[in-house]
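There are 2 protein chains.
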Amino acid sequence: MTTYNLALIGFGGVNRALAELIRDEPGRFASLGFELRVVAITDLAFGSLVQGDGIDLASVLAMPRGSSFEGLPGGSPDPRNEDVIRNSPADVVVEATFTSPIDGEPAVSHVKWAIESGKHVVTTNKGPVALRGQELSTLAAENGVRFEYEGAVMSGTPVIRLAQKMLGGLELNAVQGILNGTSNYVLGRMEAGLGLDEAISEAQDLGFAEADPTADIGGSDVRLKVAILANELLDANIRPSDVETTGIQDITSDDVAQALAGGLRWKLIGEVRREDDGSIAATVQPVALPAGHPLAGISGATNAVSFTTDLLGAVTVSGPGAGRVETAYALISDIIAVDEFVQGAVRA
Amino acid sequence: MTTYNLALIGFGGVNRALAELIRDEPGRFASLGFELRVVAITDLAFGSLVQGDGIDLASVLAMPRGSSFEGLPGGSPDPRNEDVIRNSPADVVVEATFTSPIDGEPAVSHVKWAIESGKHVVTTNKGPVALRGQELSTLAAENGVRFEYEGAVMSGTPVIRLAQKMLGGLELNAVQGILNGTSNYVLGRMEAGLGLDEAISEAQDLGFAEADPTADIGGSDVRLKVAILANELLDANIRPSDVETTGIQDITSDDVAQALAGGLRWKLIGEVRREDDGSIAATVQPVALPAGHPLAGISGATNAVSFTTDLLGAVTVSGPGAGRVETAYALISDIIAVDEFVQGAVRA
Numbered sequence: 210m211t212t213y214n215l216a217l218i219g220f221g222g223v224n225r226a227l228a229e230l231i232r233d234e235p236g237r238f239a240s241l242g243f244e245l246r247v248v249a250i251t252d253l254a255f256g257s258l259v260q261g262d263g264i265d266l267a268s269v270l271a272m273p274r275g276s277s278f279e280g281l282p283g284g285s286p287d288p289r290n291e292d293v294i295r296n297s298p299a300d301v302v303v304e305a306t307f308t309s310p311i312d313g314e315p316a317v318s319h320v321k322w323a324i325e326s327g328k329h330v331v332t333t334n335k336g337p338v339a340l341r342g343q344e345l346s347t348l349a350a351e352n353g354v355r356f357e358y359e360g361a362v363m364s365g366t367p368v369i370r371l372a373q374k375m376l377g378g379l380e381l382n383a384v385q386g387i388l389n390g391t392s393n394y395v396l397g398r399m400e401a402g403l404g405l406d407e408a409i410s411e412a413q414d415l416g417f418a419e420a421d422p423t424a425d426i427g428g429s430d431v432r433l434k435v436a437i438l439a440n441e442l443l444d445a446n447i448r449p450s451d452v453e454t455t456g457i458q459d460i461t462s463d464d465v466a467q468a469l470a471g472g473l474r475w476k477l478i479g480e481v482r483r484e485d486d487g488s489i490a491a492t493v494q495p496v497a498l499p500a501g502h503p504l505a506g507i508s509g510a511t512n513a514v515s516f517t518t519d520l521l522g523a524v525t526v527s528g529p530g531a532g533r534v535e536t537a538y539a540l541i542s543d544i545i546a547v548d549e550f551v552q553g554a555v556r557a
Numbered sequence: 210m211t212t213y214n215l216a217l218i219g220f221g222g223v224n225r226a227l228a229e230l231i232r233d234e235p236g237r238f239a240s241l242g243f244e245l246r247v248v249a250i251t252d253l254a255f256g257s258l259v260q261g262d263g264i265d266l267a268s269v270l271a272m273p274r275g276s277s278f279e280g281l282p283g284g285s286p287d288p289r290n291e292d293v294i295r296n297s298p299a300d301v302v303v304e305a306t307f308t309s310p311i312d313g314e315p316a317v318s319h320v321k322w323a324i325e326s327g328k329h330v331v332t333t334n335k336g337p338v339a340l341r342g343q344e345l346s347t348l349a350a351e352n353g354v355r356f357e358y359e360g361a362v363m364s365g366t367p368v369i370r371l372a373q374k375m376l377g378g379l380e381l382n383a384v385q386g387i388l389n390g391t392s393n394y395v396l397g398r399m400e401a402g403l404g405l406d407e408a409i410s411e412a413q414d415l416g417f418a419e420a421d422p423t424a425d426i427g428g429s430d431v432r433l434k435v436a437i438l439a440n441e442l443l444d445a446n447i448r449p450s451d452v453e454t455t456g457i458q459d460i461t462s463d464d465v466a467q468a469l470a471g472g473l474r475w476k477l478i479g480e481v482r483r484e485d486d487g488s489i490a491a492t493v494q495p496v497a498l499p500a501g502h503p504l505a506g507i508s509g510a511t512n513a514v515s516f517t518t519d520l521l522g523a524v525t526v527s528g529p530g531a532g533r534v535e536t537a538y539a540l541i542s543d544i545i546a547v548d549e550f551v552q553g554a555v556r557a
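So the protein lines, in turn, are chains L and R. Residues 210 to 557 (our numbering) make up the first sequence, in order. Residues 210 to 557 (our numbering) make up the second sequence, in order.
Because the hints were derived from the structure by calculation, they are not lab data. Note that beta-carbon positions come from the ideal geometry of N, C-alpha and C, so glycine has one too. Keep in mind that the hints are not guaranteed to be accurate.
[Claimed, not checked] Counterexamples of contact, computed for chain R against chain L with all Cβ distances above 10 Å: (1) N214; (2) R246; (3) S276; (4) P282; (5) G284; (6) S326; (7) G404; (8) D406; (9) F550.
[Said to hold, decoys possible] Only pairs whose alpha carbons sit at most 30 Å apart, straight line, appear in this in silico BS3-like list of lysine-lysine: (10) L:K321 / L:K374; (11) L:K374 / R:K374; (12) R:K321 / L:K374; (13) R:K321 / R:K374; (14) L:K321 / R:K374.
Required output: the full structure, derived from the provided sequences and hints.
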């Protein structure tokens with residue numbers, strides 16, 4: 210069985226969830242035909258740890274926040290990201306740090322260092338994909354490694370790979386999505402009679418919404434995902450700033466009630482469309498959808514993407530768009546894609 | 210570029226739609242890396258036609274119903290299915306005859322003859338898959354050919370392949386679906402105030418429902434699809450007759466109105482579930498779904514399948530479940546799978 214050595218960059222919720230799965234369920238990976246071994250971890254808080262024969266995940270997962278890898282064999286109080294990414298004996302770099310919506314850093318550099326040193330990269334980080342996706346994909350191809358990022362759009366729910374692998378031979382004319390669970394939850398609660406602020410507070414209490422909900426409510430989170438979908442699936446070459454973006458902050462309880470009475474449901478829709486002249490239009494805006502629209506029935510914090518195709522019409526996939534385990538699964542699906550690439554190269 | 214020679218078995222709506230795409234859009238296939246050439250057609254009405262250097266599709270598509278292939282070079286007034294399937298120079302047999310829900314014939318024999326003579330088979334026919342799927346898949350593996358049947362469940366909307374390729378590494382605990390467009394349309398119209406018979410008549414007028422709507426309304430169409438999902442995706446070994454089946458014939462307008470008032474929507478649900486003891490429960494029955502259920506919002510004649518997984522929870526795909534072009538696309542997706550197999554074998 211093939212063993213892939215992983216370097217986990219960032220040791221927050223998502224990479225911890227992946228580490229827990231590797232610790233607890235080797236059989237899950239064995240059934241896929243490979244074994245995963247974590248040989249390096251870096252984190253702003255913990256520092257870095259490199260152990261070529263495999264880190265004892267039970268021990269590091271038990272370390273309380275506030276402690277440090279310093280003092281462990283191969284440990285350092287500093288993250289040493291560049292050194293670890295370039296020089297650790299990892300085959301696959303698992304990038305799950307935070308997203309900067311401005312320049313995608315430090316994730317963009319992490320991805321580059323990995324690719325330049327001949328390592329595959331899997332990431333759940335929207336930033337590098339939305340802002341520098343094509344450049345990084347080209348760099349990966351030049352270096353003979355994979356750059357996979359299924360989790361950047363809808364956590365583990367397949368979207369990018371589904372469109373690429375399951376809709377082959379179809380012309381894709383538009384992609385519409387409910388790509389932010391918080392705003393969808395808030396709109397649903399407004400349909401139940403809550404005001405916008407009240408609904409946001411409730412979402413915060415339930416842990417859906419950030420303390421600062423601006424990116425969710427104002428549409429900038431969806432904007433990054435729309436840029437990814439436009440570039441990956443409709444061969445556009447756009448930046449997030451090219452996506453005309455309006456959030457749900459000005460939707461009132463009256464708007465919602467009036468729409469409902471007319472059989473319509475307000476949703477925050479991210480959309481990419483190929484116009485008749487071949488140009489690409491990309492928007493984020495609240496839309497009052499009729500009941501028969503494939504996205505009208507998507508409720509709660511669920512996310513969904515609807516693909517408009519020439520032969521099939523609308524094909525829609527819905528599922529979770531967040532969550533630490535759900536997002537860790539995106540990394541697993543990316544590692545499966547890396548494995549297919551590696552096995553294909555071995556056969557060839 | 211690879212050329213695949215096709216034998217079209219049955220020249221009704223679906224295979225005619227495929228032939229039209231091959232005639233009109235060679236670029237669609239070229240972009241997939243192959244060319245399709247039809248070298249044989251058989252049909253109960255037209256007879257059979259074998260032309261090894263490629264049939265002129267424009268001519269045969271222009272032939273009116275009631276005419277015959279007799280008199281054309283390589284033509285015969287008889288379908289000669291066995292001879293054509295075994296001896297024509299086809300690489301891929303495209304089986305799109307009618308489904309017998311009792312024994313799957315004549316499609317089962319068509320598939321066997323093709324596999325035994327070393328040809329790949331793609332089909333949109335529920336019968337052979339629901340009744341003899343595992344036996345035929347084993348036979349195909351033994352003969353080094355592919356047996357592909359994505360269209361047997363939801364026409365071109367990816368379901369079987371999506372579960373197998375996009376949900377790798379997940380434990381699939383249940384599959385629930387809205388797998389019959391007619392009954393879903395009828396239930397929706399009953400929500401709008403029509404009676405059952407009235408809604409069925411409307412569906413017939415619109416061309417959704419057959420003259421005899423028993424298989425749609427009584428659940429036996431869904432039963433075949435549930436058997437396929439159970440065997441393919443949950444490794445069950447069941448026959449359609451093992452699926453406990455109740456249709457929507459006894460759902461009244463009162464039932465529908467009462468449910469709606471309570472926020473529930475009646476849907477005809479096909480379901481396969483792995484019970485705690487490992488056994489498989491398979492049912493078809495009307496269920497009043499709460500608004501938040503992933504299948505509650507599936508409206509009109511749309512079909513959908515919701516996969517219950519361990520790490521992602523529910524992932525749902527919806528799209529068309531019928532239509533000649535939509536079903537022809539299923540055949541294209543199957544031919545893509547054949548091509549991947551062939552190219553993989555070439556590399557190895």
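Cross-check of the supplied hints:
no. : hint            : verdict
1   : N214            : holds, 18 Å
2   : R246            : holds, 17 Å
3   : S276            : holds, 28 Å
4   : P282            : holds, 31 Å
5   : G284            : holds, 30 Å
6   : S326            : holds, 27 Å
7   : G404            : holds, 21 Å
8   : D406            : holds, 23 Å
9   : F550            : holds, 13 Å
10  : L:K321 / L:K374 : holds, 26 Å
11  : L:K374 / R:K374 : holds, 9 Å
12  : R:K321 / L:K374 : holds, 29 Å
13  : R:K321 / R:K374 : holds, 26 Å
14  : L:K321 / R:K374 : holds, 29 Å
Of the numbered hints listed earlier, not one is contradicted by the structure.
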